[in-house]
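From first to last, the protein sequence lines are chains A and B. Quick note: the first sequence, position 107, residue 107 per the working numbering, numbers continuous. Quick note: the second sequence, position 93, residue 93 per the working numbering, numbers continuous.
Please note that a few of the clues may not be correct.
[As the list claims (entries may be wrong)] Quick look at which bits of chain B chain A covers, simulated, 3 or more residues with Cβ under 8 angstroms:
id : segment
1  : 9-22
2  : 53-62
3  : 89-103
[Stated by the list, open to error] Covered by chain B, according to a simulated footprint, are these stretches of chain A (three or more residues, beta-carbon under 8 angstroms):
id : segment
4  : 80-86
5  : 92-100
6  : 104-114
7  : 118-127
[Said to hold, decoys possible] The following label-pair restraints were derived from C-beta to C-beta distances:
id : chain 1 : residue 1 : chain 2 : residue 2 : range
8  : A       : Ile114    : B       : Glu124    : 40 to 46 angstroms
9  : B       : Gln41     : A       : Ala91     : 49 to 55 angstroms
10 : B       : Glu51     : A       : Ala91     : 43 to 49 angstroms
11 : B       : Asp16     : A       : Asp113    : 17 to 23 angstroms
12 : B       : Gln41     : A       : Asn38     : 30 to 36 angstroms
13 : A       : Lys49     : B       : Asn38     : 30 to 36 angstroms
14 : A       : Arg82     : B       : Thr47     : 37 to 43 angstroms
15 : B       : Glu93     : A       : Gly90     : 54 to 60 angstroms
16 : A       : Lys6      : B       : Ala155    : 42 to 48 angstroms
17 : B       : Pro111    : A       : Arg82     : 29 to 35 angstroms
18 : A       : Thr121    : B       : Ala15     : 25 to 31 angstroms
19 : A       : Val142    : B       : His126    : 20 to 26 angstroms
20 : A       : Ala15     : B       : Glu39     : 45 to 51 angstroms
It is worth saying that the hints were derived from the structure and are not from the lab. By construction, the Cβ of each residue, glycine as well, lies at the ideal position given by its N, Cα and C atoms.
There are 2 protein chains.
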Amino acid sequence: MTEQVKHAIQDDYPADFSHCYGCGRLNQEGHHFRTGWNEDQTVTIYTPKPEHTAIPGFVYGGLIASLVDCHGTGSASLALHRKNGHEPGGAQEPPRFVTAALNIDFLKPIPQDIPLKAIGTPEEVHPKKFNIHTKVFAGDTVCAKAVVTASVMPASFTQQTTE
Amino acid sequence: MTEQVKHAIQDDYPADFSHCYGCGRLNQEGHHFRTGWNEDQTVTIYTPKPEHTAIPGFVYGGLIASLVDCHGTGSASLALHRKNGHEPGGAQEPPRFVTAALNIDFLKPIPQDIPLKAIGTPEEVHPKKFNIHTKVFAGDTVCAKAVVTASVMPASFTQQTTE
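Here chain A stands alone, though its shape is the one from the complex:
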């Protein structure tokens, strides 16, 4: 299993779209989630901080939701970028997605102090919409399963941010 993500799609997002608290490389306070390919699956690796507790020793579900959310939009971007003939780390700017729906089943308590891996399988359900089927692993244990529905970012978002 990939132990680190070399070429993350978030590294290629244009600066205007790199302020996300979850995955924006320019957000000083954020999590800096990074998502890349591992063959046909997408991978995001993150070790929660000590304060990200639910109860002592276990990770807070909102952090998992955040991880899965940005993993989902990043995975959709990777998938459409690849469909368009491009890989992260290349010269082409990747498409940017927003989350339409987030569905998570929490299967087991998630232990703190170890890296978590979100492993995703992108499914195109429409040329502008992908479902990202994701499992969140702590070691070899699947602690959560999720489906993120990600849609290509509407032009209205772009217009509002480039005013």
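Assemble the complex: chain A is given as a structure, and chain B must be docked to it using the hints.
Showing chain B alone in chain A's frame:
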């Protein structure tokens, strides 16, 4: 509409269960979400911080997921506590819940710099399980809809945290 929560269920959680990054009053770094009754509905109010951006001007979905998550477990605790004859702010310790599932539809971009209100309707689906049907409002606009399935915290959690 309630503009602030006077008696929050999280104020009554025992100290051992008050370290949640989302709603723990003892987590120095966390969000400190607080959930109370407004007649038969539950309410959590929170103004995202400047860094909680998706793209500039809009709130990051992971923050909404976090809000909905703790609002859900808090609402379930309120509901079971009331069923047992108790209200927050009383002497009785409330039951503590964990999130089994989190399902969110993001309906509209969520503007930054205004208080968000999660309004919930608890539905008992089992004596130890509640679905919390929630709408997240920015002003009068419903920006997200969610259902949180919350289960009474298993004894194994308690044992592990009181070792």
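Verification of the supplied hints:
no. : hint                                     : result
1   : 9-22                                     : holds (count 6)
2   : 53-62                                    : holds (count 9)
3   : 89-103                                   : holds (count 6)
4   : 80-86                                    : violated (count 0)
5   : 92-100                                   : holds (count 3)
6   : 104-114                                  : holds (count 4)
7   : 118-127                                  : violated (count 0)
8   : Ile114/A to Glu124/B: 40 to 46 angstroms : violated, 36 angstroms
9   : Gln41/B to Ala91/A: 49 to 55 angstroms   : holds, 52 angstroms
10  : Glu51/B to Ala91/A: 43 to 49 angstroms   : violated, 30 angstroms
11  : Asp16/B to Asp113/A: 17 to 23 angstroms  : holds, 19 angstroms
12  : Gln41/B to Asn38/A: 30 to 36 angstroms   : violated, 44 angstroms
13  : Lys49/A to Asn38/B: 30 to 36 angstroms   : holds, 33 angstroms
14  : Arg82/A to Thr47/B: 37 to 43 angstroms   : holds, 39 angstroms
15  : Glu93/B to Gly90/A: 54 to 60 angstroms   : holds, 57 angstroms
16  : Lys6/A to Ala155/B: 42 to 48 angstroms   : holds, 43 angstroms
17  : Pro111/B to Arg82/A: 29 to 35 angstroms  : holds, 33 angstroms
18  : Thr121/A to Ala15/B: 25 to 31 angstroms  : violated, 42 angstroms
19  : Val142/A to His126/B: 20 to 26 angstroms : holds, 24 angstroms
20  : Ala15/A to Glu39/B: 45 to 51 angstroms   : holds, 47 angstroms
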